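Participant: Chain residues, written in single-letter form:
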Amino acid sequence: MEKEMIVNRPDNSKMYHPHMPTAWWFRKWSYFLFMLRELTSVFIAVFLVVYLFQIYHITQGADAYWEIAGQFRSGGWIAFHGVALIFAIYHSLSWFKTAAVILTPRVGGWMVPPWMVVALHIAAWLAASAAVLMLYVLI
Amino acid sequence: MSEETITLNVTRYRHEKDRAPFIQSYQVPYREDWVVLDALNHIKDELDGTLSYRWSCRMGVCGSCGMMVNGEPKLTCSAFLRDYRPGEIRVEPLENFPVIRDLVIDMSGFMDKLTSVQPWIIREKEKPVSEGEYLQTPDQLDAYQQYSQCINCLLCYSACPIFGLETDFIGPAAIALAYRYNLDSRDEGSHRRNDVITDVNGVWECTFVGECSVVCPKHVDPAAAIQKLKVETVSGMVRGFLMPWSRK
Amino acid sequence: MKKPISFAPLWWGLFAGGGMAAAMLVPIHIALTGLAVPLGWLEEPLWLYQHWLVKVYLAGLISLSLFHCAHRIYHPLFHFAHRVYFSLPSFALRLIGRPVAILVYGGAMVGAASAIWIMTR
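Protein chains in written order, with our numbering: chain W, 1 to 139; chain B, 1 to 248; chain V, 1 to 121.
Fair warning: there could be bad hints in the mix.
Said to hold, decoys possible - Here are the simulated distance ranges between beta carbons:
(1) B:188 <-> V:77: 38 to 44 Å
(2) W:108 <-> B:111: 38 to 44 Å
(3) B:188 <-> W:82: 53 to 59 Å
(4) W:63 <-> B:199: 32 to 38 Å
(5) B:86 <-> V:7: 50 to 56 Å
(6) B:4 <-> W:97: 41 to 47 Å
Said to hold, decoys possible - Among chain B residues calculated to face chain W with C-beta under 7 Å, some are:
(7) 46
(8) 49
(9) 50
(10) 99
(11) 106
(12) 109
(13) 110
(14) 114
(15) 165
Hint data in this document are derived by calculation from the structure and do not stem from the laboratory. Every value quoted in this text rests on a predicted model; they were computed, and no experiment measured them. A virtual CB, placed ideally from N, CA and C, is assigned to each residue, including glycine.
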């Protein structure tokens, strides 16, 4: 049988109800960094769509690719990709920091310290990046 | 020689007189070993007996003196005046909660949430006293001990913008306490708790701002509890999908 | 009575998987396709894109990462809608949340579907 918990309730109408300001993420540095972290996904999403657009043309044949490849040499696109790269790196680092909170592996009785989890992720990240780079350089 | 003083700008709100909170300044003697709570007690005893606030133990155990000190959620019993000198100190009620009076917030919403997650040991069937106590190894204790340090001071709720936006969010402390009992080797009630904390107002509301764990005076790390619960729920779902026979 | 199935764990699972994929692999692709190739330092290995393994890899990376982005765009957008319509009761807020979710997650699904379509043609 569920028993109703008795909570002494103050009168709601006599209380002051604060409102969260719309620009709450400017109130604290940590909130701002959080918003920035969420914002990285906008840049990543735009890049993914642009990349998909390029891949579409590549699969249509080399001529189709060369037709659209030129426009990405413009200053605007270079600037966008520069900013997107900075945001993507920020996303990666913040993600690895997050992963260290969630993944707390134990080896025997010893808990792997969070900094080591972050370090392992960064090592994997560099290895994966090097592997993709190799495809462009060697082949 | 005149005594050194420090200014406390305290939020006042009296529903019978005030439409909205306002700030009242008090000059309080500065003492090297005083905390903000000592200064508030000085105001109450010597300057203005109408000021209302909650406090009890003065030693960071009871969790009732949480307030915003210069915009940060703090236990006022462990916020020393000397760390804010020579500036003025702003004392406000904990953010994101309705204000009953001056620095007193309404925590009944939290009490409801806390009860809803059933933070106590649940057994399918209690064994009779004659069979003895439920034993636990140091390792089993270690698994949940960090999460059991919570004193319900609500600093984490005050630091959580998601709770500020979505007041129905069960929130950091209640979820961390639910997780504490899930991790307890003596407990058999995780599925009952998970029905609540992995529901719409539960862990999925959290976007991992992480401030709850930063402000916790007891180093409980509610953010980790919430993220781990998300992972456990998803992996449980995947396991149930791939191996339906393992579903209970 | 059985509770309706919640899709929240599904979206979160895709978000987390996509987050890891994006964290590990998106920066290098931006650096190569977005900067190194247009600046003439390297060339896009066009024929490599015909290999089925590369197609599977790219389709997987792009669709998962899009779900990750959708999840991260959804929450601030929903909270913004919440702010603007603050005076509305909570059932009305849920009604606002629905189209925002359909827009954002739907966008990711369209993106993922076109990625798979492009790769399988």
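Participant: Was the hint right that residue 109 of chain B lines chain W, CB cutoff 7 Å?
Facilitator: Hint on residue 109 of chain B: violated, closest Cβ of chain W at ~9 Å, above 7 Å.
Participant: For the hint on residue 114 of chain B, does the least C-beta distance to chain W fall short of 7 Å?
Facilitator: violated, 9 Å
Participant: That 38 to 44 Å hint for residue 108 of chain W and residue 111 of chain B (C-beta), does it hold up?
Facilitator: holds, 42 Å
Participant: Can residue 106 of chain B be said to touch chain W, with a Cβ gap under 7 Å?
Facilitator: Given a least distance of 6 Å, the restraint on residue 106 of chain B holds.
Participant: Between residue 188 of chain B and residue 82 of chain W, does the beta-carbon spacing fit 53 to 59 Å?
Facilitator: holds, 55 Å
Participant: Falls inside 38 to 44 Å, the C-beta gap from residue 188 of chain B to residue 77 of chain V?
Facilitator: holds, 41 Å
Participant: Would you settle whether the hint for residue 110 of chain B is holds or violated, based on the nearest Cβ-Cβ distance to chain W being less than 7 Å?
Facilitator: violated, 10 Å
Participant: At a threshold of 7 Å, is the proposed contact between residue 49 of chain B and chain W supported by beta-carbon distances?
Facilitator: Hint violated; residue 49 of chain B Cβ to chain W Cβ min 21 Å, cut 7 Å.
Participant: Is the distance from the Cβ of residue 4 of chain B to the Cβ of residue 97 of chain W consistent with 41 to 47 Å?
Facilitator: At roughly 43 Å between Cβ atoms, residue 97 of chain W and residue 4 of chain B fall inside 41 to 47 Å, so the hint holds.
Participant: Could one say that the CB atoms of residue 86 of chain B and residue 7 of chain V fall in the range 50 to 56 Å?
Facilitator: holds, 55 Å
Participant: Mind checking the CB of residue 46 of chain B against every CB in chain W and telling me if the closest is under 7 Å?
Facilitator: violated, 27 Å
Participant: Can you verify the interface hint for residue 99 of chain B: is its Cβ closer than 7 Å to any Cβ in chain W?
Facilitator: Holds, because the Cβ-Cβ distance from residue 99 of chain B to chain W comes to roughly 4 Å (cut-off 7 Å).
Checked against the numbered hints listed earlier, the structure breaks hints 4, 7, 8, 9, 12, 13, 14; every other hint is satisfied.
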